[in-house]
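J.: Protein sequence lines correspond, in order, to chains A and B.
Quick note, my numbering runs 402 ahead of the 1-based positions in the first sequence.
Quick note, my numbering runs 96 ahead of the 1-based positions in the second sequence.
Bear in mind the hints are in silico, worked out from the structure with no lab data behind them.
Note that the structure is predicted; figures quoted are calculated from it, not measured.
Careful, some of the hints might be misleading.
Unchecked claim - Here are the simulated EDC-like pairs of lysine to aspartate or glutamate, each with C-alpha atoms no more than 16 Å apart in a straight line:
no.: 1; chain 1: A; residue 1: Lys647; chain 2: A; residue 2: Glu695
no.: 2; chain 1: A; residue 1: Lys497; chain 2: A; residue 2: Asp1198
no.: 3; chain 1: B; residue 1: Lys470; chain 2: B; residue 2: Asp172
no.: 4; chain 1: A; residue 1: Lys811; chain 2: A; residue 2: Glu851
no.: 5; chain 1: A; residue 1: Lys630; chain 2: A; residue 2: Asp715
no.: 6; chain 1: B; residue 1: Lys399; chain 2: A; residue 2: Asp1072
no.: 7; chain 1: A; residue 1: Lys1137; chain 2: B; residue 2: Glu401
no.: 8; chain 1: B; residue 1: Lys399; chain 2: A; residue 2: Glu1070
no.: 9; chain 1: B; residue 1: Lys209; chain 2: A; residue 2: Asp559
no.: 10; chain 1: A; residue 1: Lys501; chain 2: A; residue 2: Glu469
no.: 11; chain 1: B; residue 1: Lys209; chain 2: B; residue 2: Glu503
no.: 12; chain 1: B; residue 1: Lys399; chain 2: A; residue 2: Glu1136
no.: 13; chain 1: B; residue 1: Lys399; chain 2: A; residue 2: Asp1037
no.: 14; chain 1: A; residue 1: Lys1060; chain 2: A; residue 2: Asp462
no.: 15; chain 1: A; residue 1: Lys472; chain 2: A; residue 2: Asp1203
no.: 16; chain 1: B; residue 1: Lys171; chain 2: B; residue 2: Asp426
no.: 17; chain 1: B; residue 1: Lys319; chain 2: A; residue 2: Glu569
no.: 18; chain 1: A; residue 1: Lys1132; chain 2: B; residue 2: Glu401
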Amino acid sequence: MSSNFSTAVTLLLSVLGVGVLRADPAIMKEHCAKCHNEEKTKGKFKLTYLEAAPTGENLDRWLDCLELVKDGEMPPEDESELTESDREKLIAFLKQKLKEFDKRNQRVRTSAPRRLNNREFENSVRDVLMIKDIGTHQPTDNLIGDTLHHGFDTHGDSLGFSKFHLEQYIESARMIVDATILSGKQPESRRYEISGDEIWRKRLNQKIRKRGLPSLDPGVFDFLDPLKSGVFPSFRMAPETGRYKIKIKATGKDRLVYKTENTGQYEGDPIRLSVHLGDRVRTFVLPDEEVMEIEMEEWIAAGSRLEMRNPTDGLRLKGNGGFRFQVSIAARHLKTHDPERYAKRVSEILKSDVKGSRRSNINDGRNWWAYWEGPRPRVFSAVIEGPLYESWPPKRQLALVGENPTVEKAEEILRPIAERAWRRSLRDGELDSVVELVEAKAESLGDLEAIKEGIVRILVSPSFLILNSEDRTASERFASKFSYFLQSTLPEEEIRQAVQSGNLASFEEVRDAVQLLVAGNKVEPFLEVFPYSWLELNDINFMAPDPDRYQFYHRKRLSDDMVNEVRHFFRHVVENNRPVSELISADYSFINADLAEIYQVKGVPQDSKFRKYTFRDGRRGGFLGMGAFLTSTADSLSTSPIHRGVYVMENFMGIHPKPPPADVQIEEPDVRQAKTIKEILKAHTKNATCASCHVNIDPYGYAFENFDPTGAWRKAYVVPVPPERNEDEKAIPEKRWPKSTIPVDPSARFRNGTEYQDITEYRKYIIGGARRDRFVRCFITKLLTYANGVEPGETDFAVIDKILAKSAENDYRIVETISAVIDSPLFREE
Amino acid sequence: MKTTRRTFIKGLGGALTLPFLEAAPLAAAAAAGGTPRRFLVVGNPVGMQPDYFFPKEFGKNAPLSHTLRSMEWMKDRMTVLSHTDHNVANGHGREISFLSGVLPGDAQAFPEKNMSLDQVMARHTAAQVRYPSIGASLDDGIRMSWTANGVENVPFTDPQKLFDHLFLNLTEKEKKMRREVIERNGSILDSVGDQFASLKKSVSGTDSDRLDQFQTSVRDLEKSFSNRLNWIEHDKPKYDISEHFSHPEVTIENRYNAIFDMIGYAFETDLTRVATVAFPLNLSYTDVGGVNRSYHACTHNGKMENVIAELVAIESFQIAQLSRCLKKLDSIKEPNADGTMLDHTMVLFGSGMGYGGTHSNRNLPIMVAGGGFKHLGHVDTSRNGASTPLCNLYVTLLKSFGIDRDEFNTSTGAFDLNHV
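In isolation and in its complexed conformation, chain A is listed as follows (with noise of 0.2 Å):
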């Protein structure tokens, strides 16, 4: 034992005293010292780092010893026998002194400022002027992206501010105020009556085609390819900004004559129409062959373009998933139900005059356009009035501006709308550089205009651009952070009022308010966006499945199901208020016909319907089942244990460990050979420097390794193995190279000396015991990180035990969870 070490156990117990403290250097000196000493310092790590107590330089080793001997994986189960009792001494005397220290370290923590990212600013805008949305035109398409953080949107760091996004948003700013309140005359309304055989088809993004394919049907419009989409040619786009009554007549022809193993669409699925309004999208559902009128009567921005289309996923099955190889299908069905008429067709190809090109092939999709009878909305007519208001001045911009906005009337005005924007009461004389804004705008501009400008104005300060930029009171802060974490944007005049009354000071309370915002759906940001940020689902398709290999994920869209999966799944789980380590452990899931395909499993309706399904066989269910996870932590064409436990470790158990040193000589996958993964990692286990990681990172992704790069079950990995060739042999096409097949091996054993030899046992293991408590508490830090916009430090362990315990009380109850995040000193910042 060297001397240094003894130093530090006198130091310790120096400090400590006697009594029971005394017993626990000694636990140490006995277990862990054999292997964390001056010579010999496994895992980079040896006692004498800890010191006397914990400091801000050590802090996460104290940290990380609590972790791995509450876990069991320290000590080694070979290396020293330490008993249950011990145990709990050694945990008890870590989290002591720990206690200690961040009692010694007590601060108030305040977030940083930040922008608001683009979807907090649209929603902001919107609530600041009091409309619906903020307008069909897309004024906020021109702003710069978000930079997002390991997923998340809200990270100070990542969202930068320029020159180049100030200038954007006061473009933005002001056309959503123009689409708002409306000046000059009212425009006059126009009626456009249009017949189907006018309509104009046109290509997603590119040029138009002012006449389509021969008609189906005189007189009517048919989608037939369903990248094409139709737009009236006298109201490409609407000419003011308004209300307009839009009725479509229009049914679902030949749904159920082809089957859906050629056309992709489901048996379950009716036809749908949807109207595209710029960027708002209504979608009807049509009736089979039956007319029915649509009506809609929407508020347009000037310059939105009006567009319909077919929103299936289907029709892109046969070939390279062009339509034209879609009409193949035409040909055959022909052929079996009516070979008279297929004869007479085939004889017309043959005679004519196209010779060696591909139409004199018999099957090519362009010998039978008038021959489909695939599913497709069919648009007979259309009537378009507008633009309508009630009053001049629209009602909308009333509650705005007033009846009769003047210059002189700038402050009254402008006040309600500076107040909602800038999320608290104003100072005194803070108006009075916008109002004299607006004065001297009002001779060039006109009253209103100038007004608008004001509003402009405030929507371009930094009090509103920028969260947590000033000094305000307590309850001003808190009601913005609420509102922006649970609704991504301003907080409405309850919440703001119910705090200043001191009626969310508790943690029932929060609790009781968060409840109720979620049973009134009012939630609706939070659980589509956390759940996606979480896990990182932008990444998605950043290394998709081999689209040779996998044409059923990519033709089916399958990643847009996937990530349906996720937010159904989530959303579940807070509406039901189930508890957190449900979000792994649970046996169901929410999928649809085709999530069914890959997961292989029966008795799911044949239709796009999100429905919960319980798995039977313990390999799915929870994020560990779903394709969304299986799938972006694959490559192309193979599968990584080290990508999948990593992913597991970072995002379920709060474990971040170190990227390989930077001399690491990196070998490139040669997924040529025909060996198992783990024969390709072996240096993983044998080599000392990388298992001293890898021992620990692999075994949290071996078990996946039965889920291929789409996330469906593999018993084996099927390898095409290249062929032998001599150079002036032609080369053979990969789906004819000879396959190797390896049986895929799941199992491994983690530091701790638990086993597993597949995905069931290891479900069971990675949310059972301490594993829980980390995945809540993984769970928690990753709220903590979208809410305040940065990671949560080390010192901050202390409040996350509390919160993590607060949940413990209600059964890690997703809710209560939820709340006790919000209620703790990490979030209020007092």
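Start from chain A and add chain B according to the hints.
T.: Chain B only, in chain A's frame:
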């Protein structure tokens, strides 16, 4: 309406004439004794397949590698550098240090944060040109250009918008409208400036930096408005890119041709002296012969030969586009100086990532061309087994550009491009 003006411009034909107005600054600079130096960067975010990119031998006469074959015509005016890097950790997300050597997370430690090389040069020429720098790409940028604020410069991703920006003159009505908008926005900024007083006073570190960012942005935008007001009166040079879009199917090759042509012409008319072009990851390169997969999928080829071939096809395409641009520059004589425009334009091709297949950020694929250097062919920059900081090359480039500096971020010296 824009369409009519575009058709009008098409009608003028493709005649390239140097408009008198823009020639004036060029002449002035020449008279001042320094021929304008330009800087062109072309980059991608995932490096190059090293076996095909780096020539097998070293020295001036090293035969060109497969990927670089399209540059055969100028092989004596280029240098490929082996074994340079920025010493950042491997993996995605670090290649954004390509032109600075500094990651945004570490930017606070440097006086100019992670301002990129092209922006340092752009700042140097800003007073003399209409556009300090131009960035272009298709679909998306690759995050290689960073301002002094530590904020990214987002490139143009639509050739038509780039054209409008560079060459489309405003009608009188539009000029009036633009002046009005600038004035209105300027008044708003004036008014906003008064609200700084209410920002947090007692803040430290991060907080004060973030609030500073806002104040700096207001000042920068005011300056930008004032510059723009000046330039509104001047006509832009005339140009025509319609030939690239007259094909039935416009490929990415057509679109990159248009982009490089516009940048070449912008250099010629001294609209700018700094330009960056990116080949991003998420763009579909299937127009290029032999490519069927996504770019990212090609980098993860697992050593499968057929997939490597696709990757090399994409990489060769990038070099070929650059080569075509440089050929055009080389066909134009530099006014008031010896040599061609290529001899007075420094060209840098590379990436902040070494090779996507291993995610290694060592041995970055770096090539310097033109600029009038006495090039070295293929150079091994390592010393005693240690790589050379890429910033050493950047110090040399800065000096050549007329910016007198001995260091740049992580540099340890200056890399000599004229002798070994």
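J.: Work down the list of hints and note, for each, if the structure agrees.
T.: Going down the list of hints, with the structure as the test:
The suggested pairing of Lys647(A) with Glu695(A) holds, with an alpha-carbon distance near 12 Å, which does not exceed 16 Å. Our distance criterion of 16 Å between C-alpha atoms is met by Lys497(A) and Asp1198(A), whose separation comes to about 14 Å. With a C-alpha separation of about 8 Å, the suggested pairing of Lys470(B) with Asp172(B) holds against the 16 Å cut-off. For the hint pairing Lys811(A) with Glu851(A), the CA-to-CA distance comes to about 14 Å; that is within 16 Å, so the pair holds.
A distance of roughly 13 Å separates the Cα atoms of Lys630(A) and Asp715(A); the hinted pair therefore holds under the 16 Å criterion. As the CA atoms of Lys399(B) and Asp1072(A) are separated by approximately 5 Å, the hinted pair is consistent with the 16 Å bound. About 15 Å separates the Cα atoms of Lys1137(A) and Glu401(B), which keeps this hinted pair within 16 Å; it holds. At most 16 Å may separate the alpha-carbon atoms for a hinted pair to count; Lys399(B) and Glu1070(A) meet this at roughly 8 Å.
Between the alpha carbons of Lys209(B) and Asp559(A) the distance comes to roughly 13 Å, so the proposed pair stays at or under 16 Å and holds. A distance of roughly 15 Å separates the Cα atoms of Lys501(A) and Glu469(A); the hinted pair therefore holds under the 16 Å criterion. A C-alpha spacing of about 14 Å is found between Lys209(B) and Glu503(B), which places the hinted pair at or below 16 Å, so the restraint holds. Restraint check for Lys399(B) and Glu1136(A): satisfied, since their Cα atoms lie roughly 14 Å apart, inside the 16 Å limit.
For the hint pairing Lys399(B) with Asp1037(A), the CA-to-CA distance comes to about 14 Å; that is within 16 Å, so the pair holds. A hinted pair counts as satisfied when its Cα atoms are at most 16 Å apart, and Lys1060(A) with Asp462(A) qualifies at roughly 14 Å. For the hint pairing Lys472(A) with Asp1203(A), the CA-to-CA distance comes to about 14 Å; that is within 16 Å, so the pair holds. About 13 Å separates the Cα atoms of Lys171(B) and Asp426(B), which keeps this hinted pair within 16 Å; it holds.
At most 16 Å may separate the alpha-carbon atoms for a hinted pair to count; Lys319(B) and Glu569(A) meet this at roughly 12 Å. Simply put, Lys1132(A) and Glu401(B) have alpha-carbon atoms about 14 Å apart, close enough for the 16 Å limit, and the pair holds.
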